[in-house]
Amino acid sequence: MKIVIAGAGEVGTHLAKLLSKEDQDIIVIDSDEGKLIKLEMYNLLTSAGSPTSFKSLKNAGVDKADLFIAVTPYETDNVIACEIAKSLGAKKTVARIDNYDFMRMENRGFFINHGVDDLIYPEFLAAEEMVIALNRTWVRNWFELCNGELNIIGVKVRDNAKIVGMPLKDVYMSNYAHISAIKRNHETIIPRGSDIIRTNDIIYVAVANSDTHTILKMCGKEEISIKKILVMGGSRIAVQLAKMVGSKYKITIIESNLEKCHKLSDRLPECNIIHGDGRNPEILEEEGIGDYDAFIALTDSSETNILGCLSAKEYGVKKTIAEVENIQFISEAEGLNIGTIINKKLLASSKIFQIMLDSDATNAKCLALADAEVAELVAREGSKITRVKVKDLGLSSEATIAGLLRDGKGFLVQGDTQIQVGDHVVMFCLNGSIHKIERLFN
Amino acid sequence: MFERRHNINTVMVLKVLGWLLILEAVMMLVPVAVSAGYQEYTTAKEILYAVLITGAVGALMTTLLRPRSTEMNRKEGFLLTALVWVLFSLFGMLPFLFTGALKTVADAYFETMSGFTTTGATMCSAVESLPHGVLLWRALIQWIGGMGIILFTLAVLPMLNHQGGIQLFNAEVSGITHDKLRPRISETAKSLWMVYIVLSVIMIILLWIGPMNLFDAVCQTFAALSTGGFSTRNASVGGWHSNYVNVVIIVFMFIGGMNFSLLYTVSHGKLKALLKNDIFRWYLGIVVVATLLCFMDMWLSNPKTNIEDGLIACGFEVVSGLSSTGFVVADLDKWNPFSVMIISLLMVSCACAGSTTGGAKIDRMVVLLKNVKNELSHAIRPNLVTTVKLNDRVITYETVQKILAFLCIYALILLVSTTIITAYKIPILDSMFMSLSALGNVGYGYGVTTGGLYSNLPDLVKWLLSLDMLMGRLELFTVLILFTKGFWTK
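Order-wise, the sequence lines are chains Z and B.
Residue numbers for the first sequence, in our numbering: 81 to 522.
Residue numbers for the second sequence, in our numbering: 28 to 517.
What the hints contain is simulated information worked out from the structure, not anything from laboratory work.
One should not assume that every hint holds.
[Said to hold, decoys possible] Think about it this way: if two alpha-carbon atoms lie no more than 20 angstroms apart in a straight line, the pair counts; the simulated SDA-like pairs of lysine to any residue are:
{"#": "1", "chain 1": "Z", "residue 1": "K97", "chain 2": "B", "residue 2": "N197"}
{"#": "2", "chain 1": "B", "residue 1": "K102", "chain 2": "Z", "residue 2": "M121"}
{"#": "3", "chain 1": "B", "residue 1": "K416", "chain 2": "Z", "residue 2": "G114"}
{"#": "4", "chain 1": "B", "residue 1": "K303", "chain 2": "Z", "residue 2": "S136"}
{"#": "5", "chain 1": "B", "residue 1": "K299", "chain 2": "Z", "residue 2": "S136"}
{"#": "6", "chain 1": "B", "residue 1": "K416", "chain 2": "Z", "residue 2": "I117"}
[To be verified] Far from chain Z by the CB rule (all over 12 angstroms, computed), these chain B residues:
{"#": "7", "residue": "G45"}
{"#": "8", "residue": "L92"}
{"#": "9", "residue": "L184"}
{"#": "10", "residue": "I232"}
{"#": "11", "residue": "K303"}
{"#": "12", "residue": "V314"}
{"#": "13", "residue": "I339"}
{"#": "14", "residue": "V375"}
{"#": "15", "residue": "Y451"}
{"#": "16", "residue": "D457"}
{"#": "17", "residue": "G478"}
{"#": "18", "residue": "I508"}
Idealized CB from N, CA, C, for every residue including glycine.
Bound conformation, chain B alone (with noise of 0.2 angstroms):
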């Protein structure tokens, strides 16, 4: 109680870290056996090498560091969230190395941190002549890294279940609130992953049904579901020219941006509580409207357009901005500004806060248009005493300042990026949109990064992007308060 304290306990955040990495190790075992069922011995190999070296690394860091206590307390959740996140692109880019899939470290850690955060911006252009292997391992990552790589250990490692967990979940789980579900922290991660396992297994069996096979179906399901968007044909899911696809594939993106405590407690019943929530209105409205003016657009300058097949492209374009996927049927270069920029718009607010969506989230925009809304009837009615109301529960004054803080970095932070990016000589529209593409982690394209390709790009700009996409997941706070002095000293 009365030791000497120290600042941060950078031991054992190392030391749980270990642990993390056996465990990416033990996840790099699933592309391998793939791999080996699919005959491809040599990538099965290869994959075998990473998971030595992760789990050779995580088990030195076990073993041979001993912190003086462990206790984790707010800081160290901060630290340990951070890292992870960068530790486990590290280690899980080495499949993509020793493969060859491919060649320079920053195009592998590119493509890593872009499964894991769900971006989906990719750097492979011939994905379909990938072995099984790594086409899963790309797969993977997303499902992970969707629902959360702390969520996951939480659910599985007990030793996170005491208050240092709360701090974790905390910095990693988006949102406003952080909803829990049961009493304890391992019991409300395991009910969000059995929630996430079982649609899962319901969209792979639709796919399944369709024209995919059972190695396509998991790996768009995976792709989908965590709003990823890598996918396995080279012209992602247009490769497939079916409208069942299609529609299986918007439905649950839909449900893979809806905030997951909210489908955990529909799973129990409780019907109303979907058509109750405000953000699941707005979610719906935004589809709905969106889809709408984009198939005006498309219907004006081309009356001859097929109804059925130019709705669903429309929606699919749509949910799979909104969702924050990337995942593509029609080239965004062909459509019409207008169009264009209505996808630009649903990329920065993305979908709902606790889904596995990136970007702003409908709720902090709800939030702000309420606030404006205030604002201007204060206007008017100086005297006037307003709330922001959110689910029939009052936001705080503090929350909103909080909600405010947080756009506005948003917008600085994209600013700051695109003007970067533009240093490369990089027209100005398509380095905005892919910084706003990375940090949304939806993972579309346009201009020079088309159909979502990001290879042609220099490497300072991989790297930058990276940084973009896992400040985008982490919310930004977790990953910018790193940055800043008064974390580091006493």
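Next up, chain Z with everything else stripped away, as it sits in the complex (with noise of 0.2 angstroms):
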């Protein structure tokens, strides 16, 4: 596939890192040739120009482009290098956005008509996400598969949990769950019958929608609900949750800027907004930390927002979630006891896969986590997937069959499963594996 990446920012870069190992063609566009040198070490090509320039785009290849994804820091250049790009030839066109208007399902077909095929938002997905773990207090990551009837969910397992010490063979938790990777000391791996769960594992379990309170007793996990959020900085992640929910919860922002302090309590009436240093203890004591019921961290410092919910967890807040956006310090921060890690390029990369997977989009879903990725595909008549058993299929121990939906009903896999045309089968990929994959399901 050969993709063409407008702008070497942070998403793009990551974004360019991640598929060019993933045996893509990529080529990176960006002005300002300082940012493109220190991707010369990739395999990929990088290419000296403005992304809303039709020559710089010509001469990077965009019309023979498979994928065209605009990621530079202004979403309006991002709508217009897409419909650039369309009108040269790219097959299909990506924009990063922020700015929920252009989401809306009314005005989607004003970008289609425009040439920019689809919107990513990270801002936006970071606040759906944190939603999601507002709701399941207990879990780390939660992924909803084939319309919530399989999920994948992240969970920390701790000294009280039944199944520490316990190789995977003896865990029954329900017919219908599969652990499939846990992630130990920083790397994540597919593990095999004999492999012991330890404290301090977070385990990837592929469950049906009805089962899923079983893994809450086996994990000795128990579940909170919260009515009160503090969130420390008054990002635009901040606002998107705020909209989201801000009837839902009782929502209090704390940010240091005065100016924008302004602005929030202008923009969100239903939250209180306090102006302070959120890393001080005495605005937090005088706010009454320890009434909360959540803590989210979303300033831009990642260390800040780490060190943030540390503190927060010792004045006695149950959940905490932090957005971390330097991807090394995502492992370290997982080891700590953060609850939920946010992570915009690993939502915008997440959204991009899906793409890559499924050139409709329709069917695939995908879920990136730092070293790793989760897939839902559906196995089409002819893929190789539905002609062999899943033993003989040769899956490295790179990547593994979380779990398969038939007929709205979710089912463990075994080797001798035979897959067929239809089905909908969660696969869990290491990092650079997922091509590999995508050859099985075309």
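Hints in hand, dock the two standalone chains.
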């Protein structure tokens, strides 16, 4: 697949590196040559030039591109770049935006008419992710597949869990649950039956919706209901979150910039806006942090967010969520006692993987974790996966079939399972192996 | 991610080297087949021994070594690239030794390194008496080395198509910046090789139509396009006494000195790109001016010279020197000092970056000259802001500095090498000329090495020149950093 990425910012760079490992033909365009030099060391091509110029887009070979991704800092540039790319012959275009108005269903037709096939709004995705985390306080990750019939749940296993010390083959959670991956000490592994679950592992379980409560019990977790939320940092994600769930929860936002505070109180009348530094314990105590059910740290600095969440835990807040934009920190942060971690880059790449896996983007779903991806795909007629039994597919140690949904029912996949046309298959694969999976389905 | 990092993943480097040695063994099968075809069965058998040894060592290295991780970064890239050239020469000399074409290890190693680095300085005085298999091996190593051993393996081995492959590509391909043609490195390598192969086929056909037989045509093509310079005649290309052969070879030596990325663009119908390219215009200009100067020099000392023959002879020597081929049609010793000096100057710069040529490259010389011009303007108008531009693109200050550093080190190595050689009581001019010739991968000789024959030098000088050739081919840094402490310490 030939993919052109316009904009070598954080998201663009992350996507370029990730996709070049997936054996795709990647071309990155940016007007700043200094940003491109850092990418020279990767297996991809760079091309200096403005993403909104016909000439530089032609130079980069947009006319033959299967996918054009515009992720410059400006949404208007992104939309125009997609428009030009489409007119030059790019098959599919995606623009990053930061405006909810553009996302509305009734406005989508406008963008499709203008050559923008898909939109990515990372702040919106982040807010959605947080809403899920607030509903399911006991999980790290909650990924709904197959219209909510099957879920992939990431849970941190603590001392009190019954399954600690048990080999995987003896863990019986339910007929439809399957532990597809374990994250241990900064490394994600696809486990075998003999592997033993240890304290502080994060296990990723595929489970049918009706059986999720058994996982809750097995892991010794309890559900907390959230009423009051304290948000540190009045960023765009915070605004998005407040707009989505402001009526359901009591939200307080602490922001250090006074001007921003005024704007926030103007835009979000139902929220309390506090002016002050969220790192300052006096402010937190004054606000009665111990009474809050959830603490969400959304400042620009990953370090502040991580530390903020840790001190909130000390004050007795049950659920904390931190935005961590440095991918290198995610692994460390997961090892600490922070509940859920939000990363805009990973959310954006989830969306791109989804588009890559299925050009119609109707059947595929994808979730990017720090070093792995979860994807839901539909087995098509004639694809390799429907021809042989699971054990003969030659799945490497990098990928596993987490679960299967047939006629609306979840199935546990075994070696002898034969996948049929129309089955929804959930794959769990480590970084750099999605293209191998893709081959099985096409 | 957090496991203990080893400084250099030597085991993985050695394992990949094993793969590459197997590849070299496969290459050696070509002269075996040719020898058998010419009914030189003893030669075929002797080269087959070399194939078996090389293949066996390669197979052992790949099967026995189990690296802890397959990760290859910048350091591994440099190490692998430098080592592959050393090892390829080490095993590539076996056919010369086993067939008795060359007697000592120093001679055989020099000859092989001279072939792979496309220098073309030789140890064989009586080339015509060598069996066909040996001659073809001599030609083939130039052809492979011309484009680059690493570039060849990137095109054929998919296992190097990842980030480590880029490091290798950068460590081997010559020039200031490295143009990638296609998003994936293996695709870039394949495209470049395609251009190379098509040009080779055209040249073989052109020479075959002329007075050469197919075998000679193939060998001269491999030597000319790769800008190597090993011939199959004792008197080099001069042995054919044919202006047709000379002109064909001039044209293809010239093409061999052009940037192959540019050739790729031109082959896709963008002829304008050729004329717009600054470096190409300089290259063409230098050839024309140097040819006319040499011809003037020749004509002034002997007004009866035939104009056509004279121009072709001068053009041949100029292009041969500038493109770093080192083919000869006339003995340099009989030329006037002025012409010899012109050729020597050409040998310093050689042709364009990204080609099969050696030397410091015209690109760097042009940047140097433009920078000097800017510095002169600064002397009068200190506040003037100037930039060095090449093909309408600004060369950053850091790059200019890198180029200046390169040229200084180049000159330094030249001086050190010359000094060591003079210790063997070899005349200063001859020592200087052979160092320049080896470092620039040209292969011309003057004085004691007349006609490019380097056999009557002391062994130590041969080893020194082999090292010069390697450093010149890999553009200094790839080899030099291996001798720095920082490379090996954590």
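Against the structure, the hints:
A threshold of 20 angstroms between alpha carbons decides the hint, and for K97/Z with N197/B the separation of about 18 angstroms falls inside it, so the pair holds. Restraint check: the Cα-Cα separation between K102/B and M121/Z comes to about 13 angstroms, which is no more than 20 angstroms; the hinted pair holds. With a C-alpha separation of about 17 angstroms, the suggested pair K416/B and G114/Z falls inside the 20 angstroms cut-off, and the hint holds. Between K303/B and S136/Z, the direct Cα distance comes to roughly 18 angstroms. Compliance with the 20 angstroms bound is thereby established for this hinted pair.
Distance restraint check for K299/B and S136/Z: the Cα-Cα separation of roughly 18 angstroms lies within the 20 angstroms cut-off, and the hinted pair is therefore satisfied. For the given pair, K416/B sits about 18 angstroms from I117/Z by alpha-carbon distance, which is consistent with the 20 angstroms threshold. Listed as a non-interface residue, G45/B keeps its Cβ farther than 12 angstroms from every Cβ of chain Z; the least gap is roughly 23 angstroms. Non-interface call for L92/B relative to chain Z: holds, since the shortest CB-CB distance, roughly 21 angstroms, exceeds 12 angstroms.
For L184/B, the requirement that its beta carbon stay farther than 12 angstroms from each beta carbon of chain Z is met, with the minimum near 14 angstroms. Every C-beta of chain Z lies more than 12 angstroms from that of I232/B, the closest at about 33 angstroms, which supports listing it as non-interface. Remark: the non-interface label on K303/B is consistent with the geometry, its nearest Cβ contact in chain Z lying 14 angstroms away (cut-off 12 angstroms). The beta carbon of V314/B is kept farther than 12 angstroms from every beta carbon of chain Z, the shortest such distance being approximately 31 angstroms.
For I339/B, the non-interface assignment is confirmed: its Cβ lies about 41 angstroms from the closest Cβ of chain Z, beyond the 12 angstroms cut-off. Every CB of chain Z lies more than 12 angstroms from the CB of V375/B, the least distance being 29 angstroms, so the non-interface label holds. For Y451/B, the non-interface assignment is confirmed: its Cβ lies about 44 angstroms from the closest Cβ of chain Z, beyond the 12 angstroms cut-off. Residue-level check passed: D457/B sits 42 angstroms from the nearest beta carbon of chain Z, beyond 12 angstroms.
Against chain Z, the non-interface label of G478/B holds: every CB pair exceeds 12 angstroms, the least being about 43 angstroms. Residue-level check passed: I508/B sits 17 angstroms from the nearest beta carbon of chain Z, beyond 12 angstroms.
In this structure, every one of the numbered hints holds.
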